[in-house]
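**Student:** If you read the protein sequences in the order shown, they are chains R and V. Remember, this note's numbering sits 47 above the position in the first sequence when you count from 1. Remember, this note's numbering sits 5 above the position in the second sequence when you count from 1.
By construction, these hints were calculated from the structure, which means they are not laboratory data. Cβ atoms here follow ideal geometry from the backbone N, Cα and C, with glycine treated the same way. Careful: at least some of the hints might be erroneous.
[To be verified] Within a straight-line C-alpha distance of at most 25 Å, the following computed BS3-like cross-link-like pairs (lysine-lysine) qualify:
no., chain 1, residue 1, chain 2, residue 2
1, R, Lys194, R, Lys222
2, R, Lys634, R, Lys576
3, V, Lys90, R, Lys527
4, R, Lys498, V, Lys90
5, R, Lys523, V, Lys133
6, R, Lys191, R, Lys318
7, R, Lys615, R, Lys594
8, V, Lys135, V, Lys84
9, V, Lys313, V, Lys289
10, R, Lys498, V, Lys135
11, R, Lys498, V, Lys133
12, V, Lys268, V, Lys225
13, R, Lys523, R, Lys362
14, R, Lys191, R, Lys207
15, V, Lys90, R, Lys466
16, R, Lys603, R, Lys562
17, R, Lys562, V, Lys84
18, R, Lys176, R, Lys190
19, R, Lys176, R, Lys75
20, R, Lys191, R, Lys176
21, V, Lys248, V, Lys288
22, R, Lys362, R, Lys318
23, V, Lys133, R, Lys527
24, R, Lys523, R, Lys562
[Stated by the list, open to error] According to the in silico footprint, chain V covers these stretches of chain R (three or more CB under 8 Å from chain V):
no., region
25, 343-352
26, 498-506
27, 531-538
28, 541-549
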Amino acid sequence: MAENQRILVCAGTGCASSGAHKLIDALKLELNKQGLEETVSIVGTGCQGFCEKGPTVVIEPQQVLYCSVKPEDIAEIVAQDIMKGERVERLLLLDQVTQKPLSTMSEVPFFAQQHRIVLKNCGVIDPQKIEEYIARDGYAALKKVLKEMSPAETLEEVRKSGLRGRGGAGFPTGKKWAAILPTPSDKKYIICNGDEGDPGAFMDRSVLEGDPHSVIEGMLIGAYAMGVDEGYVYCRAEYPLAIKNLEIAIRQAEEAGFLGNNILNSGLNFKLNVFAGAGAFVCGEGSALMASIEGRRGMPRMRPPRSTVSGLFGKPTVINNVETWSNVPHILLNGADWYTQYGTDNSRGTKIFALTGKVNNTGLVEVPMGTTLREIIFDIGGGIQNGKAFKAVQIGGPSGGCIPEEMLDIRVDYDTLTKAGAMVGSGGLVVMDETTCMVDIARFFLDFTQKESCGKCTPCREGTKRMYEILDRIVKGEGKLEDIDILENLSYTIIETSLCGLGNSAPNPILATLKYFRHEFEAHILEHKCPAHSCSALLSYTIDAEKCKGCGLCAKNCPVSCITGEKKKPYVVNEDDCIKCGTCVDKCKFDAVVQA
Amino acid sequence: MLITITIDGCEVSVPKGTSILEACRMHDIQIPTLCYDPELTSDGACRLCVVQIEGNHNLPPACRTTVWQGMVVQTQSPKVRAARKTILELLVANHPLDCMTCQKMGNCFLAEYAYDYGVTGEIYQGEKRKLPIDDGNPFILRDPNKCILCGKCIKACSQIQGKSILDYSFRGFNMQVSPAFNLPYNESDCDFCGSCVSVCPVGALTEKHMVGKGRPWEIKKVQTTCPFCGTGCNFDLNVKDGKVIGVTSNPDAPVNGKALCVKGRFGTDMIHSPNRLTTPLIKKDGVFVPAEWDEALDLVATKFQEIKNNYGADAIAALSSARCTNEDNFVMQKFMRAVVGTNNIDHCART
Ligand SMILES: Cc1cc2nc3c(=O)[nH]c(=O)nc-3n(C[C@H](O)[C@H](O)[C@H](O)COP(=O)(O)O)c2cc1C
Ligand code: SF4
Ligand code: SF4
Ligand code: SF4
Ligand code: SF4
Ligand code: SF4
Chain R
48 MAENQRILVC AGTGCASSGA HKLIDALKLE LNKQGLEETV SIVGTGCQGF CEKGPTVVIE
108 PQQVLYCSVK PEDIAEIVAQ DIMKGERVER LLLLDQVTQK PLSTMSEVPF FAQQHRIVLK
168 NCGVIDPQKI EEYIARDGYA ALKKVLKEMS PAETLEEVRK SGLRGRGGAG FPTGKKWAAI
228 LPTPSDKKYI ICNGDEGDPG AFMDRSVLEG DPHSVIEGML IGAYAMGVDE GYVYCRAEYP
288 LAIKNLEIAI RQAEEAGFLG NNILNSGLNF KLNVFAGAGA FVCGEGSALM ASIEGRRGMP
348 RMRPPRSTVS GLFGKPTVIN NVETWSNVPH ILLNGADWYT QYGTDNSRGT KIFALTGKVN
408 NTGLVEVPMG TTLREIIFDI GGGIQNGKAF KAVQIGGPSG GCIPEEMLDI RVDYDTLTKA
468 GAMVGSGGLV VMDETTCMVD IARFFLDFTQ KESCGKCTPC REGTKRMYEI LDRIVKGEGK
528 LEDIDILENL SYTIIETSLC GLGNSAPNPI LATLKYFRHE FEAHILEHKC PAHSCSALLS
588 YTIDAEKCKG CGLCAKNCPV SCITGEKKKP YVVNEDDCIK CGTCVDKCKF DAVVQA
Chain V
6 MLITITIDGC EVSVPKGTSI LEACRMHDIQ IPTLCYDPEL TSDGACRLCV VQIEGNHNLP
66 PACRTTVWQG MVVQTQSPKV RAARKTILEL LVANHPLDCM TCQKMGNCFL AEYAYDYGVT
126 GEIYQGEKRK LPIDDGNPFI LRDPNKCILC GKCIKACSQI QGKSILDYSF RGFNMQVSPA
186 FNLPYNESDC DFCGSCVSVC PVGALTEKHM VGKGRPWEIK KVQTTCPFCG TGCNFDLNVK
246 DGKVIGVTSN PDAPVNGKAL CVKGRFGTDM IHSPNRLTTP LIKKDGVFVP AEWDEALDLV
306 ATKFQEIKNN YGADAIAALS SARCTNEDNF VMQKFMRAVV GTNNIDHCAR T
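Given the sequences, and given the hints that come with them, work out the whole structure.
**Tutor:** Structure below.
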């Protein structure tokens, strides 16, 4: 048996819901049974990122990766891998081409092609134990900064690193920090934005759950650089595990003397509070978030004044995203020069993406800025599910846009994506295949934004609702050709006249889909056809008399009994009564039902 | 310090810190606004006052954009007018077009701008609000379906009246403005001062007792001082056919601006009340009988003289009212001291 054996069980929110805690219980029992409880340790980690194959288990130090592990597999893993050092092959991932089992993480393309800086500890340490964070250089950056650097030097290092905000807009972090300095005030605040409201995004949750100390350390360094003594982490209440791990981490950091007064005898004081926000997308917008902490309705307000002049409780405030804060310790520990070797000229470092949709390997991936979409989706993501064809990828969630196949080779960085009509946003990547209707996707995002609009300003409140209604009509085959012009006109007015970023970017998904997939809109409107065969209202079901064997299975299963016929003769669908559920297609064993 | 900017091709100079909207109003340049009120903080919520600034891609609101040296502003360019028109179209599409019977007709900013911009509301037809009307109190009629969510009533209530009864509820298309928990006005802690009504740009909040009593163009406004107390608030009596049908704020009122209390704003029904005394009454054989003024004043004078003769002037005292003006109260004490001959004079508002 190898020394220092550790069994890392992913216990992030995703794997926890697919049974990670049962695995940990089963492991404890089994190790006890084998008398190994002293020699082998079990670590419930934060998200390891490979959500598609969860719950995942990693055996250290060999870095063996077992996927979709069930409690009944545990005995075998312990007996074979831990005790004999032999792999349990049926739980290993197979190489897509050779179909050979891949026995270590470094062989698995999903991990091999990532570059983990922010996620360095996620899925590796027990986030509820500060010792594990410290053992992996945790708080070393803070110690270095407090001992060797002045606040101004610290800020300069962040500026030089080229770090840009990971919360969506990509604002240069060093520049923002510097902006809080000139305003004299008895009190200043820093805030960590963990609202993460984009549908499908979960990188901030994973960092807060899996490596909360990295965020705390980042904020401490920021507090030192900016001369701030109090901070807030605003975390959405739907992330109970993130809040729990964060609170544990804050308590442990206080006990260890990293938080509180006169931190490490440096004279630095810093108090960190956690605020649970009650789930509104718009509360991720800085000024709405601050209103929410103050106990007011979460609604954005106009700038000026900027929050660096008058923010939380009217005091100068700097707000940064979770991932932004989490980058800071790495930059200070290794230096700006080290950091700038990753990424592109204007977008330094790495970015975490939440890869979801019709891609084989859904999960969290961290790659250097400038990686191409093709590399992310096909090399790391393993391509499209069920051998279907790739159609588009939506980047940046409800504020972003879709990128078509022709542009798969563009580099993912702030400026390139914005030019292409999408945006890095928070880093949601939703992959769509040939069966996805682009009009329907546009409708999905508009439905989201119109529901999440705070309602304060007219164009966003009324305009997004009308855009949604028009898209809904098009999807149902009731659209008119002039609707496309109306959509475009509304889009520009909403972008140009809305009060906050939500309205300013809400029409982006429509404009991008109109740019790249206009023909799909036209097909819905002019031909009453959905090219992706996805919009149920536009589908028709008929039975191919040649292929039909007259078995009657479709008729038996049709929920509205609109298929009739005689045994052994071709059956017929009565289209007037058909509710387009598609049951007949699934049931027919002879492919006789034609969906068009 | 003066800042020079160019508005619609004309150079103007305005003090530093002025907003584009204020600069325009100083120079009689018309910009439509629905949520702006000089007495309230400004939020830039309705977005109707958007303008084009050279070098700026988006259209910022004039009310919340401070001028800078050399700024070049367009307030009527085709792009600006198109954006405003779209915003108005969106508002009108979600609005009951009741103008024929609406109390606000003739005074309604939405109707005025819709006319100016040729807006019909036809383009964006879709779901419309169908919210219940709040008419459970005697003073204020609230039709949330006409509310354009400008937020002025919210700020009037908190910034002028200091009550904070109103706020936004729900979000997006479902947003409303109402007392807490969406209660009707009469179940809230509302004072019925009507400050909210005085700022509403549309017919969402109206004076209930004026409904159906007259159109703005039929009404003569007579500025007067409120008779109810000594504060001396000014307002406009709304007079139609020689009858007072109600009161509206006069923004130029020197003491009170647009603020009034429930009595001043809604208490004018007493003017034409059939229960009002129109002649003095003298009690004869236990019954009040109408009398002439001369008879009544003679009677009072005789009785006072009798008391003074029999018991001395200090047997008489006067208590005057806070509802009287300063001048009335001055005359009252002069009368007691100089005519009756006593210092027994007091006032209901003495503390
Ligand atoms: C509607 C809306 C939602 C937002 N949601 C988030 C969010 O969930 N998390 C986040 O970090 N930033 C969010 N932002 C961006 C923030 O306003 C702000 O720019 C960011 O937190 C700044 O941090 P950064 O400079 O580190 O990116 C949102 C912005 C808008 C307009
Ligand atoms: S743009 Fe939308 S979310 Fe932002 S203030 Fe206006 S209504 Fe609210
Ligand atoms: S299930 Fe297929 S083969 Fe059978 S009757 Fe229906 S269409 Fe024909
Ligand atoms: S509020 Fe104005 S636009 Fe609305 S019905 Fe009344 S008069 Fe017409
Ligand atoms: S009547 Fe006065 S107290 Fe009542 S809601 Fe209106 S402003 Fe507030
Ligand atoms: S009731 Fe009138 S003042 Fe209040 S928000 Fe609605 S439109 Fe504005």
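**Student:** Determine for every hint whether it applies to the structure shown.
**Tutor:** Tested hints:
1. Simply put, Lys194 (chain R) and Lys222 (chain R) have alpha-carbon atoms about 24 Å apart, close enough for the 25 Å limit, and the pair holds.
2. Among the hinted pairs, Lys634 (chain R) with Lys576 (chain R) is consistent with the structure: their alpha-carbon atoms are about 24 Å apart, no more than 25 Å.
3. Taking the CA atoms of Lys90 (chain V) and Lys527 (chain R), the gap is about 22 Å. The hint holds against a cut of 25 Å.
4. Restraint check for Lys498 (chain R) and Lys90 (chain V): the C-alpha separation of about 24 Å stays at or below 25 Å, so the hint holds.
5. With a CA separation close to 20 Å, the supplied pair Lys523 (chain R) and Lys133 (chain V) stays within the 25 Å bound.
6. Between Lys191 (chain R) and Lys318 (chain R) the alpha-carbon distance is near 20 Å, which keeps this suggested pair within the 25 Å criterion.
7. Pair hint Lys615 (chain R) plus Lys594 (chain R) holds up; C-alpha atoms about 11 Å apart against a cutoff of 25 Å.
8. For a cut-off of 25 Å, the pair hint linking Lys135 (chain V) to Lys84 (chain V) is broken: about 33 Å separates their Cα positions.
9. For the hint pairing Lys313 (chain V) with Lys289 (chain V), the CA-to-CA distance comes to about 23 Å; that is within 25 Å, so the pair holds.
10. The suggested pairing of Lys498 (chain R) with Lys135 (chain V) holds, with an alpha-carbon distance near 18 Å, which does not exceed 25 Å.
11. Restraint check for Lys498 (chain R) and Lys133 (chain V): satisfied, since their Cα atoms lie roughly 15 Å apart, inside the 25 Å limit.
12. For the hint linking Lys268 (chain V) to Lys225 (chain V), the alpha-carbon distance of about 21 Å falls within 25 Å, and the restraint holds.
13. Distance hint between Lys523 (chain R) and Lys362 (chain R) is unfulfilled; the C-alpha atoms sit about 50 Å from each other, more than 25 Å.
14. Distance check on the hinted pair: Lys191 (chain R) and Lys207 (chain R) sit about 18 Å apart at the alpha-carbon level, within 25 Å; holds.
15. Note on Lys90 (chain V) and Lys466 (chain R): the hinted pairing is violated, with a Cα-Cα distance of about 29 Å set against a maximum of 25 Å.
16. Annotation: proposed proximity of Lys603 (chain R) to Lys562 (chain R) is violated, straight-line Cα distance about 44 Å (limit 25 Å).
17. The straight-line distance between the Cα atoms of Lys562 (chain R) and Lys84 (chain V) is roughly 22 Å, inside the 25 Å bound, and the hint therefore holds.
18. With a C-alpha separation of about 19 Å, the suggested pair Lys176 (chain R) and Lys190 (chain R) falls inside the 25 Å cut-off, and the hint holds.
19. Proximity of Lys176 (chain R) to Lys75 (chain R) is assessed by CA-CA distance (about 18 Å); at most 25 Å being required, the pair is judged to hold.
20. The hinted pair formed by Lys191 (chain R) and Lys176 (chain R) meets the criterion: a straight-line CA distance of about 22 Å does not exceed 25 Å.
21. Pair hint Lys248 (chain V) plus Lys288 (chain V) does not hold up; C-alpha atoms about 32 Å apart against a cutoff of 25 Å.
22. Only pairs whose Cα atoms come within 25 Å are accepted, and Lys362 (chain R) paired with Lys318 (chain R) is accepted, the gap being roughly 16 Å.
23. Distance restraint check for Lys133 (chain V) and Lys527 (chain R): the Cα-Cα separation of roughly 21 Å lies within the 25 Å cut-off, and the hinted pair is therefore satisfied.
24. For a cut-off of 25 Å, the pair hint linking Lys523 (chain R) to Lys562 (chain R) stands: about 21 Å separates their Cα positions.
25. Figure legend: the region 343-352 of chain R, annotated as covered by chain V; annotation consistent (5 residues with Cβ-Cβ distances under 8 Å, at least 3 required).
26. With a threshold of 8 Å between beta carbons, the proposed coverage of the region 498-506 of chain R by chain V holds, since 9 of its residues qualify and at least three are required.
27. Coverage of the region 531-538 of chain R by chain V holds in this model, with 3 residues showing a Cβ closer than 8 Å to a Cβ of that chain against a need of three.
28. A count of 5 residues in the region 541-549 of chain R with a Cβ less than 8 Å from any Cβ of chain V is obtained; the coverage claim is therefore met, three being the minimum.
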